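Visitor: Residues per chain are reported as follows:
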Amino acid sequence: MTLTLKQSHAIAKPRSPVDRQLDRGFVWMTQVFALAIAGVLIWITLEVLIAAFPAMQTFALGFLTSTDWNPVKDQYGALPQIFGTLASSFLALLLAIPVGLGVAVFLTEDFLPTQVQTVLVFFVELLAAIPSVVYGLWGIFVLIPLLRAPAGWLHSHLGWFPLFSTPLSGPGMLPAGVILAIMILPTIAAISRDALVAVPKELKQAALGLGATPWETILLVMLPAAFSGIVGAIMLALGRAMGETMAVTMLIGNSNTITASILAPANTISSLLANQFAEAKGLQVSALMYAALVLFFLTLLINILAEMLVRRVQKI
Amino acid sequence: MTGLTFAAAAIALVPLIAVISYVLIQGVSQLNFNAFTQLTPPPGVPGGGFANAILGTLLMVGLGACLAVPVGVMAAVFLSEFGGGTSLASWIRFATNVLSGVPSIVVGVFAYGVVVLTTGGFSAIAGGFALAILMLPIIARTTEESLKLIPNEVRQAAVGLGATNMQTVFWVVLPAALPAILTGVMLAISRAAGETAPLIFTALFTQFWPRSILEPTPSLSVLIYNFATVPFKNQQALAWSASLVLIVLVLFTSVISRWATHRKTY
Chain X
1 MTLTLKQSHA IAKPRSPVDR QLDRGFVWMT QVFALAIAGV LIWITLEVLI
51 AAFPAMQTFA LGFLTSTDWN PVKDQYGALP QIFGTLASSF LALLLAIPVG
101 LGVAVFLTED FLPTQVQTVL VFFVELLAAI PSVVYGLWGI FVLIPLLRAP
151 AGWLHSHLGW FPLFSTPLSG PGMLPAGVIL AIMILPTIAA ISRDALVAVP
201 KELKQAALGL GATPWETILL VMLPAAFSGI VGAIMLALGR AMGETMAVTM
251 LIGNSNTITA SILAPANTIS SLLANQFAEA KGLQVSALMY AALVLFFLTL
301 LINILAEMLV RRVQKI
Chain V
1 MTGLTFAAAA IALVPLIAVI SYVLIQGVSQ LNFNAFTQLT PPPGVPGGGF
51 ANAILGTLLM VGLGACLAVP VGVMAAVFLS EFGGGTSLAS WIRFATNVLS
101 GVPSIVVGVF AYGVVVLTTG GFSAIAGGFA LAILMLPIIA RTTEESLKLI
151 PNEVRQAAVG LGATNMQTVF WVVLPAALPA ILTGVMLAIS RAAGETAPLI
201 FTALFTQFWP RSILEPTPSL SVLIYNFATV PFKNQQALAW SASLVLIVLV
251 LFTSVISRWA THRKTY
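Residue numbers (full-length UniProt numbering), protein chains in the order written: chain X, 1 to 316; chain V, 1 to 266.
Treat the hints as calculated values from the structure; they're not laboratory data. Please note that a few of the clues may not be correct.
[Stated by the list, open to error] Here are the in silico distance ranges between beta carbons for each label pair:
1) V:L39 with X:K281: 49 to 55 angstroms
2) V:G120 with X:P54: 38 to 44 angstroms
3) X:W28 with V:F208: 29 to 35 angstroms
4) V:V248 with X:Q75: 18 to 24 angstroms
5) X:P224 with V:G120: 30 to 36 angstroms
6) V:F36 with X:Q115: 45 to 51 angstroms
7) V:F232 with X:L64: 50 to 56 angstroms
8) X:I50 with V:V230: 44 to 50 angstroms
9) X:D74 with V:A10: 28 to 34 angstroms
10) X:P113 with V:F36: 25 to 31 angstroms
[As the list claims (entries may be wrong)] On the chain X side, residues computed to face chain V include the following (Cβ under 8 angstroms):
11) V40
12) A51
13) F53
14) M56
15) F59
16) F90
17) Y135
18) W153
19) L154
20) L295
All values derive from a computational prediction rather than experimental measurement. Heads up, the beta-carbon is just placed ideally off N, CA and C, and yes, glycines get one too.
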């Protein structure tokens, strides 16, 4: 039988009242520090909400549907940025999900000796450790020149299709989407792998015993069984992609327009904040806070859902 | 199908190798002693380095750690030693995970509202405050994990000898978990050192030495951002060398912390 510290303590010898008071104070103090973490989350919400209030009064919900961002006339609407945030994140998911799931399956099946797997997991995790700003720098000098030729081919051959209706002039939605895909790949791979590992071994053995091929087992048994965890991983990655700032700001072109073309420059909420916050004054600060609030709520919603899905897996 | 998963694993490694090798090639060829001793040059001026940015990064990450480590470690002590399976503890764990998902730019906006607007200027304190919030959930989670690895018999032995909760935590549990906690802290520090978004409008940037924690302060990551987009070759070269220094710092701490968490005291 093992006891927690609290239980062990309950059977220890009685102490002097001063000692007991001090000790109770210590436990209480650790609880205050723990509550401080939740407090910070609430504080962030309140602070951004209060700072955004003047802009919320002026623009109300029209802020979410207007495409006009004009600091000179104090007119603010964030639709292009909201659109850009969602579009770049979905483009990133589209690119990262197949590769991420592939890596996760690769790492759960015993294709390789354990040592090689550990090294692979480590390398995939290193992808997440590289600072965002370094990805941005690399994107400007390596990725954009690299994408020029294929993007040019797409535009000249498939230019009638709205997605490729403009040429890639340099920064744009596509380079930002590719860099985001690289950055969220470790999240999808690592958490999907955890979800796949958590599937009971008996399930897999039963499927194989019934005569299913290894690939039928993976596609029809393992992936469906780990589905909620995988969805959680994808949503967590979506939250990361939507909040990601530096690499996107350096690669997306920061143009406040909405176009269907993934080769055209666009903007995201986080890039808008990164570009304008340091020089903003008056109502512009409040409008930026309003935009930050929109981003905060979008990511909060997605992260909470993801957290609930991933937790359900861990309880099995 | 097997080939497809092999391909996926290979594709995942391509960007890592591409980024690291490119930064290594560009960074090493332009890195010299001056980079670590001289100030950042103004546009168009050759030479110079980024000693002030290294110092600024260390200063702000240090400030952040001073704020985040005590709170994070004590919160983890509550979660692993006293809160246990209570619903309060599970809510706090939930809040910690949600906090780690808050976009760093939103944390920057928050620090701007709380520190920059109240103190009336961009400063190292504002930057350090933002970094502290980003470090807090990482420290709390890694510390809780490392405390969980300490067997309960150790706690029972301490309590059986008549130690109080406080004595057990400070003299037995924390020291035993110290290597793992330190690596968690290092992981948080390396993350914070690479953060840019919360610094561009809390600490801003200067070409000079950081003189006071109440003034705008340079950092490596903001230097890379600023110098990546200017047309001056010398500044672009400095951005690459700064990236190399930052990556070495970040990867080194990641590798060390991973290696050290596998070592157990008990």
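Visitor: Look at each hint and say if it fits the structure.
Guide: Evaluation of the provided hints:
no.: 1; hint: V:L39 with X:K281: 49 to 55 angstroms; result: 30 angstroms, violated
no.: 2; hint: V:G120 with X:P54: 38 to 44 angstroms; result: 19 angstroms, violated
no.: 3; hint: X:W28 with V:F208: 29 to 35 angstroms; result: 46 angstroms, violated
no.: 4; hint: V:V248 with X:Q75: 18 to 24 angstroms; result: 46 angstroms, violated
no.: 5; hint: X:P224 with V:G120: 30 to 36 angstroms; result: 57 angstroms, violated
no.: 6; hint: V:F36 with X:Q115: 45 to 51 angstroms; result: 37 angstroms, violated
no.: 7; hint: V:F232 with X:L64: 50 to 56 angstroms; result: 40 angstroms, violated
no.: 8; hint: X:I50 with V:V230: 44 to 50 angstroms; result: 36 angstroms, violated
no.: 9; hint: X:D74 with V:A10: 28 to 34 angstroms; result: 52 angstroms, violated
no.: 10; hint: X:P113 with V:F36: 25 to 31 angstroms; result: 42 angstroms, violated
no.: 11; hint: V40; result: 6 angstroms, holds
no.: 12; hint: A51; result: 5 angstroms, holds
no.: 13; hint: F53; result: 12 angstroms, violated
no.: 14; hint: M56; result: 15 angstroms, violated
no.: 15; hint: F59; result: 18 angstroms, violated
no.: 16; hint: F90; result: 17 angstroms, violated
no.: 17; hint: Y135; result: 7 angstroms, holds
no.: 18; hint: W153; result: 20 angstroms, violated
no.: 19; hint: L154; result: 20 angstroms, violated
no.: 20; hint: L295; result: 6 angstroms, holds
Violated hints, in rising order: 1, 2, 3, 4, 5, 6, 7, 8, 9, 10, 13, 14, 15, 16, 18 and 19; the structure is consistent with all others.
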